[in-house]
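*Asks:* Let the sequences and hints guide you as you build the complete structure.
Line by line, the protein sequences give chains A and B. Position one of the first sequence corresponds to residue 1 (this note's numbering), numbered consecutively onward. Position one of the second sequence corresponds to residue 117 (this note's numbering), numbered consecutively onward.
Mixed in with the good hints, there may be bad ones.
Claimed, not checked - From the structure, some residues in chain A lie toward chain B, with a derived Cβ separation under 10 Å: (1) M45; (2) T49; (3) E52; (4) G53; (5) K55; (6) I93; (7) D103; (8) L116.
What the hints assert, rightly or not - If you want the ones that stay clear, here's a sample from chain A, every Cβ over 10 Å from chain B, calculated: (9) C13; (10) S18; (11) K20; (12) E22; (13) T32; (14) Q42; (15) L44; (16) L46; (17) G61; (18) K64; (19) S73; (20) T75; (21) R97; (22) T102; (23) G110.
These are computed hints drawn from the structure, not numbers from a lab. We treat Cβ as the ideally placed atom computed from N, Cα and C, and that holds for glycine.
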Amino acid sequence: GAVVSQHPSRVICKSGTSVKIECRSLDFQATTMFWYRQFPKQSLMLMATSNEGSKATYEQGVEKDKFLINHASLTLSTLTVTSAHPEDSSFYICSARGVGATDTQYFGPGTRLTVL
Amino acid sequence: QKEVEQNSGPLSVPEGAIASLNCTYSDRGSQSFFWYRQYSGKSPELIMSIYSNGDKEDGRFTAQLNKASQYVSLLIRDSQPSDSATYLCAVNMGKSGGSNYKLTFGKGTLLTVNP
Numbered sequence: 001g002a003v004v005s006q007h008p009s010r011v012i013c014k015s016g017t018s019v020k021i022e023c024r025s026l027d028f029q030a031t032t033m034f035w036y037r038q039f040p041k042q043s044l045m046l047m048a049t050s051n052e053g054s055k056a057t058y059e060q061g062v063e064k065d066k067f068l069i070n071h072a073s074l075t076l077s078t079l080t081v082t083s084a085h086p087e088d089s090s091f092y093i094c095s096a097r098g099v100g101a102t103d104t105q106y107f108g109p110g111t112r113l114t115v116l
Numbered sequence: 117q118k119e120v121e122q123n124s125g126p127l128s129v130p131e132g133a134i135a136s137l138n139c140t141y142s143d144r145g146s147q148s149f150f151w152y153r154q155y156s157g158k159s160p161e162l163i164m165s166i167y168s169n170g171d172k173e174d175g176r177f178t179a180q181l182n183k184a185s186q187y188v189s190l191l192i193r194d195s196q197p198s199d200s201a202t203y204l205c206a207v208n209m210g211k212s213g214g215s216n217y218k219l220t221f222g223k224g225t226l227l228t229v230n231p
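*Replies:* Next up, the structure:
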């Protein structure tokens, strides 16, 4: 149980384009989903927290207009990196917390974004 | 600033030995504690959660929590080369009973188990 998927697993795009990443909880309903970014040899950095049906809460320093998050259902959240630039190249990972569950987060496999 | 501190390592142990990973946290009111394992290039996977003082065992893994000392540890018995990974300590520093489910992660300890 507690399986989270992400799509795509890897994406390469040109500078200036937008990229959408999907995060799905496959066998449970996720009240809350989290989006992280991880640069090489660094720890996870929380970007935003999203609750189903409401606006995401962004961490300090994360541009909400650049990283658009939608959590339209209890099993799907999307992160759109708008007008991506090379400095946005990173490993993006989502996690999900189940309905009524504790604060345990289950992670998706991650999406490696490379912006040329 | 709420922090979770881990020794970055690398921690090297021989196969079959006990690996001991340590973590301290700054918020005395923290209630929930987690250990995740992250292989290179992969996302974290949950190993254990612990909420009460004392030990919690799951197979070869034992988590230990001491809230008075603000200290949580992970012991890996009979270490295997496949245990070689970065181990992340995560703490929920949200208000007790509140709706903040964010986790604060340490930077991780790189464990290498030598055959």
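*Asks:* State for each hint whether it applies.
*Replies:* Hint check results:
A distance limit of 10 Å between C-beta atoms decides the matter here; for M45(A) the minimum to chain B is near 9 Å, and the interface restraint holds. With a least beta-carbon distance of about 6 Å to chain B, the hint placing T49(A) at the interface is held under the 10 Å criterion. Annotation: interface hint on E52(A) violated; nearest CB of chain B at approximately 13 Å, more than 10 Å. About 14 Å separates the beta-carbon of G53(A) from the nearest beta-carbon of chain B, more than 10 Å, and the hint is not met.
Among the interface hints, the one on K55(A) is violated; its C-beta lies about 15 Å from the nearest C-beta in chain B, farther than the 10 Å criterion. Against a cut-off of 10 Å between C-beta atoms, the interface hint on I93(A) holds, since the closest Cβ of chain B lies about 5 Å away. Because the closest C-beta pair between D103(A) and chain B is about 4 Å apart, less than 10 Å, the hint holds. For L116(A), the shortest C-beta to C-beta distance to chain B is roughly 20 Å, which exceeds 10 Å, and the interface hint is violated.
The Cβ of C13(A) lies farther than 10 Å from every Cβ of chain B, with a closest approach of about 20 Å, so its non-interface assignment holds. With a least beta-carbon separation of about 23 Å from chain B, S18(A) lies farther than 10 Å from that chain, consistent with its non-interface assignment. No beta-carbon of chain B is positioned within 10 Å of the beta-carbon of K20(A); the least distance is around 19 Å. Interface exclusion of E22(A) from chain B stands, the closest Cβ pair being 15 Å apart, more than 10 Å.
Chain B draws T32(A) into its interface by the beta-carbon criterion, the shortest separation being 6 Å against a cut-off of 10 Å. Look at Q42(A): its CB is around 7 Å from the nearest CB on chain B, not clear of 10 Å, so calling it non-interface is violated. Against the 10 Å criterion, L44(A) falls within the reach of chain B, whose nearest CB is about 5 Å from its own CB. Non-interface status of L46(A) relative to chain B is broken: a Cβ of that chain comes within 10 Å, the nearest being about 6 Å off.
With a least CB separation of 14 Å from chain B, G61(A) remains clear of the 10 Å interface cut-off, as annotated. Listed as a non-interface residue, K64(A) keeps its Cβ farther than 10 Å from every Cβ of chain B; the least gap is roughly 17 Å. For S73(A), the requirement that its beta carbon stay farther than 10 Å from each beta carbon of chain B is met, with the minimum near 19 Å. T75(A), annotated as away from the interface, keeps every beta carbon of chain B farther than 10 Å; the closest lies near 18 Å.
Its beta-carbon lying about 6 Å from the closest one in chain B, R97(A) breaks the requirement of being farther than 10 Å from that chain. Its closest Cβ contact with chain B, about 7 Å, brings T102(A) to no more than 10 Å, contrary to its assignment away from the interface. Not every Cβ of chain B is farther than 10 Å from the Cβ of G110(A); the closest lies at roughly 4 Å, contradicting the non-interface assignment.
Comparing the model with each earlier hint shows violations of hints 3, 4, 5, 8, 13, 14, 15, 16, 21, 22 and 23; every other hint is respected.
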